[in-house]
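The lines below spell out each chain.
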Amino acid sequence: MLASLNARATLVSALILFAFLLAWHMGVQGSKAVAPMDPEYAKLMGLTATQGKSAMPGPIDVGLKIWEHLNQPFYDRGPNDKGVGIQLAFSLGRVLLGYFLAVLIALPVGFLIGMSPLMNRALDPFIQVMKPISPLAWMPLALYTIKDSAISAIFVIFICSIWPMMINTAFGVSAVRKEWLNVARTLEVTPLRKAFTIILPAAAPTILTGMRISIGIAWLVIVAAEMLVGGTGIGYFVWNEWNNLSITNVIVAILLIGVVGMILDQTLARVARIVTYPE
Amino acid sequence: MSNKFISIEGIARHYPKPGGGRTTIFEDLWFSMPRGDFCCIIGHSGCGKTTVLNTLAGLELPDEGVNVVDGRAIEGPSLDRAVIFQGHSLLPWRTVLGNVAYAVSSKWRDWSREKVNAHAMRFIELVGLKGNELKKPSELSGGMKQRVGIARALSIEPKILLMDEPFSALDALTRGSLQDEVRRICTDTGQTAFMITHDVDEAIYLADRIILMTNGPGAMIAEVVENPLSRDRRRIDLHKSADYYPLRNHLIDFLVTRSKTFADELPAGYDKKRPPVVRPCAEPPVPPGDARKVA
Ligand SMILES: Nc1ncnc2c1ncn2[C@@H]1O[C@H](COP(=O)(O)OP(=O)(O)O)[C@@H](O)[C@H]1O
Ligand SMILES: [Mg+2]
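Chains A and B are the protein sequences, given in the same order.
Under the numbering used here, the first residue of the first sequence carries the number 209, and numbering increases by one thereafter.
Under the numbering used here, the first residue of the second sequence carries the number 436, and numbering increases by one thereafter.
Worth flagging that the hints you see were computed from the coordinates, not collected in a lab.
We put the beta carbon where it would ideally sit given N, CA and C, even for glycine.
The reader is advised that the hints may include incorrect statements.
To be verified - Taking lysine-lysine and the DSS-like style, the derived pairs with C-alpha atoms no more than 30 Å apart in a straight line are:
hint, chain 1, residue 1, chain 2, residue 2
1, B, K594, A, K386
2, B, K570, A, K386
3, B, K695, B, K452
4, B, K565, B, K542
5, A, K402, B, K570
6, B, K707, B, K452
7, A, K386, B, K452
8, B, K439, A, K402
9, B, K439, B, K550
10, A, K402, B, K707
11, B, K565, A, K402
Claimed, not checked - Partner residues aside, some chain B positions facing chain A, computed with beta carbon under 8 Å:
hint, residue
12, F520
13, T530
14, W543
As the list claims (entries may be wrong) - According to the in silico footprint, chain B covers these stretches of chain A (three or more CB under 8 Å from chain B):
hint, stretch
15, 270-276
16, 402-411
Bound conformation, chain A alone (with noise of 0.2 Å):
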């Protein structure tokens, strides 16, 4: 009883994972009983048919289906059979390269924003109307100007995680409290020192925590738009196994497009912790 409250809640998470197993399993068995058929007739349906089998994988189905995978997750058959591993990898470059491009813009952009109160008044509006527009409406005139569907999908990333990187940026950088200002001023510090000795790190915590949502949505976005676009990455391997019917395949793409966004989300997440101060 005396265990610890990690202890406990793995204890709970376990149960709940089990029972919520245990109720796929037994939600997927369908009925034993088939009337008799035709054999042509029955070569024809399938399984399903057949045995009272239902359409949707059970867990254990999932599970070997996984391990296959993990198994050989880089093999490439052609444009419409690759490893989920590859996929994975084509998604992953995109969203980093999309998100990276937007920290070069968001961070110095949201810095001037932050230390100029004229440009913060100027920029507000624009920032305002671009923030709500979901990000795959740009895809039509992304594909239109850019004619490279690729690069895209890049930019729809790039798009979508700039906003919330330079909005809290420029809030971190014009909260750094006044005091530590005066600090600077009174050492003569130059201007280029202040901002990296003073306001990068009185900010940096403000602006992870933009950065941790940018990288959140980039990669709910990374799915849809490779849905779009096609050719590789997870959201065109999700879309493609639908096209074949493989629901077990789809459920497995989805398992890892969670576990891969989890990990991002923890990676900066531990980047946070690291420049965050106690007061």
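Following the hints, position chain B with the ligands against chain A.
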């Protein structure tokens, strides 16, 4: 002109009123102090003490008039003038050593890291924080944080030390020991210091001269009080000095009544450029034989 190391010459500060017009916090303020002097300014909250100190620091400029230090007008902040802020204002993401070293490397930009750290350590030891240099400010008590602030200010070896109620947030014991520390350092090194306080005993212990500021708006320097206590006074037996109570009563009387009424009942011959200098002392002891004559 060694008796005018710091010279406040007719400065004024106004703020716009919410409904239009402007409020004059103070105007035509004159005061000067010699090198090596320790001055305290006392007055009620909101009378403009911080504003005066900020103009001396160069953090804000007066709307009229000028502050002159060592023959040069103040045009902005300078490494010659170190400020100890009311809040400790340490950078929380840096260690104690990091905070002091930041100041040191700002002053001597070509110094090597070892030299900067060694110099910073000297001042960390001076304020009695040796062994804590790798702690972050959040791991320190309020008194220790203020010590780091003092070490940081002293480490750049400023010509002037400016302090805005540096000890007001501390408990009485800590405050006392930090006052001892500051007095020791300032008398040992001949540090010129300008300090805001609202603690009368703190002013009596630390200051050579105490500036009395009337209530705002339109605050004035009512008088400059010379401290009659001996230079080797000690905090714990201040009250044993015969001059202590006359001085203390004079200051309290000012804070309680005269700070409000002074502007309405200006003494004859009051000159803003030369505020009266007073030196409250005990009456010279009357020899026993002459007792009758006094009555
Ligand atoms: N930015 C400002 N805008 C308007 N009034 C201000 C501003 N800063 C200070 N004041 C006013 O100036 C007066 C003096 O302030 P301050 O120098 O901080 O007083 P003190 O340090 O003596 O308590 C106060 O009455 C305050 O309301
Ligand atoms: Mg003040």
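> Which numbered hints turn out to be false for this structure?
Replying inline: Going through the list in order, the structure violates hints 8, 9, 10, 13, 14 and 15 and respects the others.
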